[in-house]
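Starting from the known structure of chain A, arrange chains B and C on it as the hints suggest.
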Amino acid sequence: MKKPNIKSIPYEEFKDNETFEKLVAELNAGGANVVVRKLDDLIDWGRSNSLWPLTFATSCCGIEFMAVCAARYDIARFGFEVTRNSPRQADVILVSGTITTKMAPVLKRLYDQMADPKYVVAIGGCSISGGPFTKSYHVVRGVDTVIPVDVYVPGCPPRPESFLYGMMQLQRKVKVENFFGTVNRKEKDPFAKEAVREKEKEIFSEEEQA
Amino acid sequence: MLFDFNVISQWLHGALTSVMPEWAAILTESILVALAIITLYAVFAIILIYMERKICAFFQCRLGPMRVGKWGLLQLFADVFKMLTKEIISMRQSDRFLHNLAPFLVVIASMLTFACLPWNKGAHILDFNVGVFFMLAASSIGVVGILLAGWSSNNKYSLIGAMRSGAQIISYELSIGLTMLTMMALTGTLQISEIVEQQYAEGWNIVRGHVPAVIAFLIYLIAGNAECNRGPFDLPESESELTAGYHTEYSGMHFGFYYLSEYLNLFITAGIATTIFLGGWAPLHIIGLDGFNGVMDYIPGIVWFVGKTLFVVFLLMWIRWTFPRLRIDQILALEWKYLVPISLVNLVVMAIVAAYGFHF
Amino acid sequence: MNLDIRTVAPENLREEMLRLRREQKMNFLETLTGMDWGEEGGLGVVYTLESTETGERAALKTATTDRENPMLPSVSDIWKIANIYEREVYDFYGIKFTGHPDMRRIFLREDWVGYPFRKDDEPEKENPLRMTNEPLADVTESYVLNPDGTVVKETHPIFEEGEYVVNIGPQHPSTHGVLHFRVSLDGEVIRKIDPVLGYIHRGVEKLNESLTYPQTLALTDRLDYLGAMQNRHALCLCIEQAMGIEVSDRVKVIRTIMDELQRIDSHILFFSCLCQDLGATTAFLYGFRDREKILDIFEETCGGRLILNYNTIGGVMADLHPNFVKRVKEFIPYMRKNLQEYFDIFINNVIARNRMDGVGILSLDDVISFGCTGGTGRASGWHNDVRKRMPYAAYDRVEFNEITRKEGDSFARLMIRMDEIKESLNIIEQLIDNIPDGPFQEKTKPIIKVPEGTYYTAVEGSRGEFGVFLESHGDKTPYRLHYRATGLPLVAVMDTACRGNLIADLITIGGTVDYVVPDIDR
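Residue numbers (the working numbering), protein chains in the order written: chain A, 1 to 210; chain B, 211 to 570; chain C, 571 to 1092.
So that you can see chain A by itself, here it is in the shape it has in the complex (with noise of 0.2 Å):
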């Protein structure tokens, strides 16, 4: 089995280690190639070492994520500093904030303009769940309801220290992906050429009638 293995936090000290081994134990379960296996090791340690988050925020938290970018708390050390505001650049959309529905389409072009491989964290209770504002008219109540979620981190806003938590937990989530060894692969590759450009031509015409 593999154990995802990130050196700032002691592995005892991760409470939550099952959900984790489960997935990496269904992922592996046909048995990957040990070349394949290490290559993969390689590419998801640069992967999620080097998360480079897009600045967005909208709300409260996103003066929280300012802080984890400062001094104090200093995200740089985990090679995270790297923030783009294009989001053709970013791996991870950090949603710090509440999303209205007026901003929901708004997080969903984001979402798909960012490049494969990316990750959403949703920070902050309004983002989770819609918040102390989640009986408003106007709020989406959880951002799951529009982009898939990665991590949640919750509180109001999170302290910098959840921030790092969520980042790190982000991290051994990337660490058991697979970029070459998908050897046990039931249904069609999404990715693969034809079925790409099959969905092309379906969103264009679609795009094209309206």
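No wet-lab data here; the hints were simulated from the structure. The beta carbon of each residue, even a glycine, is placed where N, CA and C say it ideally should be. Treat the hints with care, since some could be wrong.
Only pairs whose alpha carbons sit at most 20 Å apart, straight line, appear in this in silico EDC-like list of lysine to aspartate or glutamate [stated by the list, open to error]: (1) 992(C) with 1003(C); (2) 366(B) with 1003(C); (3) 135(A) with 779(C).
If you want the footprint, here are the derived chain A segments under chain B, 3+ residues with CB under 8 Å [what the hints assert, rightly or not]: (4) 73-80; (5) 85-93.
With the C-beta cut set under 7 Å, the calculated list includes, among others, these residues of chain C facing chain B [what the hints assert, rightly or not]: (6) 848; (7) 849; (8) 850; (9) 852; (10) 887; (11) 890; (12) 1077.
Frame of chain A; chains B and C shown alone:
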């Protein structure tokens, strides 16, 4: 005496010609040199990016990368692996051919210029009688890549960024040309190896040419900084205005090329400053102290060259992390109203200095 | 304070308003609040006005019972800020203002159905989450009232054909949140700015109508999160005044110190973000380094860093932490010393000066007409400090100067904030040594009911006058709770400030007028 790199290249040539015909030997050598330059290019880009992140952290009372590898040394490798496996997005309604071509133009331009740098006595890749001229010409190909990127992205931010960079780079090229010309008036040659040899024999140009050379050096630093689009002249990408400027729409390794070439251009700018003003690979000599000079000669030229270059890079980074960004009209006013007239006067002064032999 | 509201019929409104403007010099339109008084009361608007010369105040209301097609006369030509306020009322209540040049929705999507703030509207029923890109109209409407009483609908284009329009935002690094400017450019010169708001409109005011008074407090911190203390202070003050609760001296002093600490925090962040916007990243970090010291002080006493939830009705949540006085006393000299660093690294830098001197000049008439309170107004010479105009808490017993400047450019706006940090430090210094003893929380009834009436209370927030407009019908929930957003006038003034400047100046001006978007959108 200073180590001469010709020994190695001649030995290699001899060894190769002994086992293969002349043309094959030259072909092999070319391939080896090409591999070496690409490796060096990548290595220096990584060193510079790491250096920038650490230095920036130092100025900002932070720690900088420190978790990945000892002192964060492996951070950049992680970035490279990530970048290599990142999706490259091609957009509809963009000019795909030009869009894909643009980053390569930028990289080719900086690589050509990179090849002109004198690493050590006898270690030049490109060296001929109009070397400086070639270097200037090659470095200005880069702006084409930037303009193409802005144009082909079909994005208003990119377009504004590209237009800014066009105006800026072409203007500042003038200052760079003029400062070079000033120094050429002193050295009397355009061949890079000869410029350095001369400085080895007679002292660094910045000392030889005293006042006009110092002025030229300062102007060159300003213009060179503007030439590689770095703060306070980072208008073409000016993050807070145009999100990412001309490379807004680039992702994956295509963006990586821009990222690499930005840092390489910085290295090249510093390298040229070293070559022209600070004596290239020539060691520090103080007249009269023969013992000291002898010791200095034992340090290989490549160490001198890289050391001086990194020092200039540090200066430029210091500027980058201290000053706020200029506005487009201020950038152009600075160039056309101050730097160009000063350089022109400086050229005349230098011509007088050179003609009447007022230099050291 | 309890508002003494005069009712004016819609036909006479314009006449009355023009009279007030001319004869009583009521040149500052403080609030313009849409109201729904049900079937009999109809839909209406409450105006509160103030004269900056005499300090006189007035409150008026007008209403129409036509719920199908409500129309009221516009006052947008008398006060410039009314333009954006009336659009807000149109957006929430569907009241059309005749004579308004640009009657479009401002917060909600243009394809939104219904008017959510009406008491009989069910916004969620008709408005599912729409994932299509928002249609942005290129034409705007206006309703013109003819002399014979008929109303004609006219349409105008927002941007001319062939204008080069760049979208700045909603996701843009220097709009300080999700703000959207449609900017028409001529080369790099700005010709017109059309702000599109509402990307963080959370319907706080509507939510308040279904929350009890203590519950409404929680949302104020999240409006302008850099003025969390002051916002909550304003609401507590308003409810306390309405109910006649007198808080102890200790609470007053604590609230004053906290407000001033919050102001320093906000001004440091203002400086940091401005530096970031102008490309001086290092100065940004310096600001944050000092800001953490204030957050430490807050954290010890309040438990939070940003959202503090400290003030309550009749007091504060918890007594001061034993370390509080010591920490604050350490902080004052520390901050004074470090303020000099800001000048060394950024403010005295020649490039920074060139970027800010003479950029985005706002005249005194403009800031008053737009109601730009706070540092932005004071930079143009408007004495608008609520702490001096209508002293509250412990501000009547401390000595401090109201900082004003004449220039009205970006640099003046920056310097106002820097000087206010010093002034706030002085205020804290005067109070910190003699915090009186007393209870930190008055006894209140378990269920708080505010007596019937309309109340308005303002405090000096970090970026201007933060007002609370409360109409109570004697229930345990407010009938209408409206906040005078400090940021909305600041966004409204952007078009005036930016025209003719370069696109890089938009960033400078936006940074120096200092708005916080969740406060604008509420």
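List in ascending order the numbers of the hints, as given earlier, that are violated by the structure. Of the numbered hints, 2, 10, 11 do not hold.
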